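Could you use the hints to bring the two separately framed chains together as a complex?
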Amino acid sequence: MPLPDDELIRGRQRGRARVTVLLLGAFVVLLFFITIAQASRNW
Amino acid sequence: MTSVPLPHDQSLPADWRDLLALTKPRVMSLVVFTGLCGLLAAPGPVHPVLGFTAVLCIALAAGAAGALNQWYEADLDAKMKRTANRPLPAGRMSRQTALHFGVGLGVFSVILMDLAANHLAAAVLAISILFYVLVYTVWLKRRTAQNIVIGGAAGAFPPLIGWAAVTGDVTMLPILLFAIIFLWTPPHFWALSLFVRSDYAAAGIPMLPVVAGLDNTRRQVFLYSLPMAGAAIAPWPLGLAGPIYGVSAAILSFVFVVLAGRVLTNRTTEPSAMAAEKHLFAYSIFYLFALFTALVADRWIA
Chain A
1 MPLPDDELIR GRQRGRARVT VLLLGAFVVL LFFITIAQAS RNW
Chain B
1001 MTSVPLPHDQ SLPADWRDLL ALTKPRVMSL VVFTGLCGLL AAPGPVHPVL GFTAVLCIAL
1061 AAGAAGALNQ WYEADLDAKM KRTANRPLPA GRMSRQTALH FGVGLGVFSV ILMDLAANHL
1121 AAAVLAISIL FYVLVYTVWL KRRTAQNIVI GGAAGAFPPL IGWAAVTGDV TMLPILLFAI
1181 IFLWTPPHFW ALSLFVRSDY AAAGIPMLPV VAGLDNTRRQ VFLYSLPMAG AAIAPWPLGL
1241 AGPIYGVSAA ILSFVFVVLA GRVLTNRTTE PSAMAAEKHL FAYSIFYLFA LFTALVADRW
1301 IA
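So the sequence lines, in the order shown, correspond to chains A and B. The opening position of the first sequence corresponds to residue 1 in the numbering used here, with each subsequent residue numbered one higher. The opening position of the second sequence corresponds to residue 1001 in the numbering used here, with each subsequent residue numbered one higher.
Extracted from the complex, chain B is given alone in its bound form (with noise of 0.2 Å):
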């Protein structure tokens, strides 16, 4: 077989690799975790296929809202040294590749969940990514201080979707799901921007500590986490949910609240000695995880 010469002005082709990373497959697992959650405390049998394919459409759809999310903010990242050598900012990818890549996960993504759920959850699906594309990343994350509250409605979504997959429906206690998330988010976000407001304030995204200063931010940790905590605790005294959660729950709210109370009182500038920040933000994550862990233990052991 003979080779036909390629044409001079063909660009480099983007590697399989690049494409992956820019589905922000790290922060994709919070997502998958969450959504997944969300199906396996819904009332009813899960087809396992089905289930699988449910949390695969939720992945997904992240990874489509990720890369579409990197194609619009390739200037923004080329300016921080956390994103910098993302493959659109570092040259390695086009534009219209990141574009399309992102588009057509996304489509594929809601027809998929289709074809294996409901209109329902299919829907809630596209709502989560265009939520995420053109709300946050589109038109808040450059202009208002407040881009994290609003935008955190779209990492909210996945236990809500989960929940319509099995179910076909949305109920009480998936719309507390999604306040949990959607309340745990600022003080999440908040509490990482305080130790790299720097490379916020050098591309110009209004994050709170940046336009508000250090101490309103704290301030506004510590008072995102309380009405976050009522939410994480409420599935108890409501009867959604039984004493396994609601002890684990109460527990790993309070330590979520002294912590927050930690970073108030904190008075440093120095990204460096923000420890109290830097605690926060790692127990948020674990903080999240041990609360819908404890969902769906409560849910099967009880």
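One chain only, chain A, in its complex shape (with noise of 0.2 Å):
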């Protein structure tokens, strides 16, 4: 089987890269609302 080119194997890496750093903001954003609202649920 050919070696895939360095190109193309950066290019997978910083696809999955954005696509992490969107996902983890987009917990951490979650994480937040969700304290929040497990917060005014016990006042």
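Keep in mind the hints are simulated off the structure, nothing from the lab. Owing to the predicted nature of the structure, the values given are computational and were not obtained by experimental measurement. It is possible that some hints are incorrect.
Straight-line alpha carbon distances no greater than 20 Å define the calculated SDA-like cross-link-like pairs of lysine to any residue that follow [to be verified]:
(1) Lys1079(B) / Arg1142(B)
(2) Lys1141(B) / Arg1092(B)
(3) Lys1024(B) / His1119(B)
(4) Lys1141(B) / Leu1130(B)
(5) Lys1141(B) / Gly1204(B)
(6) Lys1024(B) / Leu23(A)
(7) Lys1024(B) / Arg16(A)
(8) Lys1024(B) / Ala1059(B)
(9) Lys1024(B) / Val19(A)
Here it is, written out as structure tokens:
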């Protein structure tokens, strides 16, 4: 099987890194709102 | 900034679109919908953020189960036309990546559910993933023609999880919702497997039409539709739902049984001529959407 060239690997890694950053960002925001919601439920 | 040269033995990393495809997004829609309906039908206020998170967790868990299913079944998927182009059989991803992704997503969904809702919802969510992967995919699917019957329980969990996320307990109505999907699964999948049986036969999966023949499968489709209709209508006479749901369930279930009756009397062996089976399969998807919509409408309007 031919080895994938470096540019293709870098492209895939860049794409995955972008998606990971977006998902982690969304998770942090969600966690913040969950904390607020849990706190307001216990008031 | 200088870039470090890549080692030559490095294989191509999976594309994020293939990781998304691994979660079977189309199958997920019905799971998410029934989970959302379980959540909305439950008594008590639902905090929008916590409700959203609970449904998100159900979606992530379904995605994890789908990924682990594809990890285990890559060899079978390669033999079927319908599934040959999935990321694993098509060689676009390593099996290890799929395994790590599925396990990670599953663990994450359970922890997040525990954090946002309660222990019961998280526990049922974990059970549903394990049931789908271990009981259905690993144990039953390749061994018995009853794979769909018992495995159907895995797809029946979402309304139970949605309900448990709001109330923290499980009562009669969510158990009936579980029963409806459990009894709906065999006629739904057997209707499909009747007209794609050559695919299942090629892959060596013992689906009922492959093992027991067409007539027997058609009889089973009709027989299962009867208790399914009973379970669907039951919440009304039991006082667990009002007339909006009751009348809708009666009409929708009557049509389902009529279409299953047409399948029963159909004698064709040619997949292209199996209009009755295709109608029932398409209607069964509409049926579940409409039934659960009626339940939520009944709860919110009445």
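### Query
Regarding the pair lysine 1024(B) and histidine 1119(B), is the alpha-carbon distance no greater than 20 Å?
With a Cα-Cα distance of about 27 Å, the restraint between lysine 1024(B) and histidine 1119(B) is violated, given a limit of 20 Å.
### Query
Given the hinted pair lysine 1024(B) and arginine 16(A), is their alpha-carbon gap at most 20 Å?
Since the Cα atoms of lysine 1024(B) and arginine 16(A) sit roughly 19 Å apart, the hinted pair holds (cutoff 20 Å).
#### Entry: Proposed proximity, arginine 1092(B) with lysine 1141(B) (alpha carbon, max 20 Å)
violated (25 Å)
### 20 Å limit on alpha-carbon distance, applied to hinted pair lysine 1024(B) and valine 19(A)
holds (18 Å)
### Task
Starting from lysine 1024(B), check that the Cα of alanine 1059(B) is at most 20 Å away, please.
holds (10 Å)
### Query
Is lysine 1024(B) within 20 Å of leucine 23(A), Cα to Cα?
holds (19 Å)
### Message
Tell me if the straight-line CA distance from lysine 1079(B) to arginine 1142(B) falls inside 20 Å.
### Response
holds (14 Å)
### Query
Do the alpha carbons of lysine 1141(B) and leucine 1130(B) lie within 20 Å of each other, as the hint requires?
Answer holds: lysine 1141(B) to leucine 1130(B) is near 14 Å, not above 20 Å.
### Message
For a C-alpha distance cap of 20 Å, please report whether lysine 1141(B) and glycine 1204(B) respect it.
### Response
Within the cut-off at roughly 10 Å; holds.
The structure fails hints 2, 3 (numbered hints given earlier, in ascending order).
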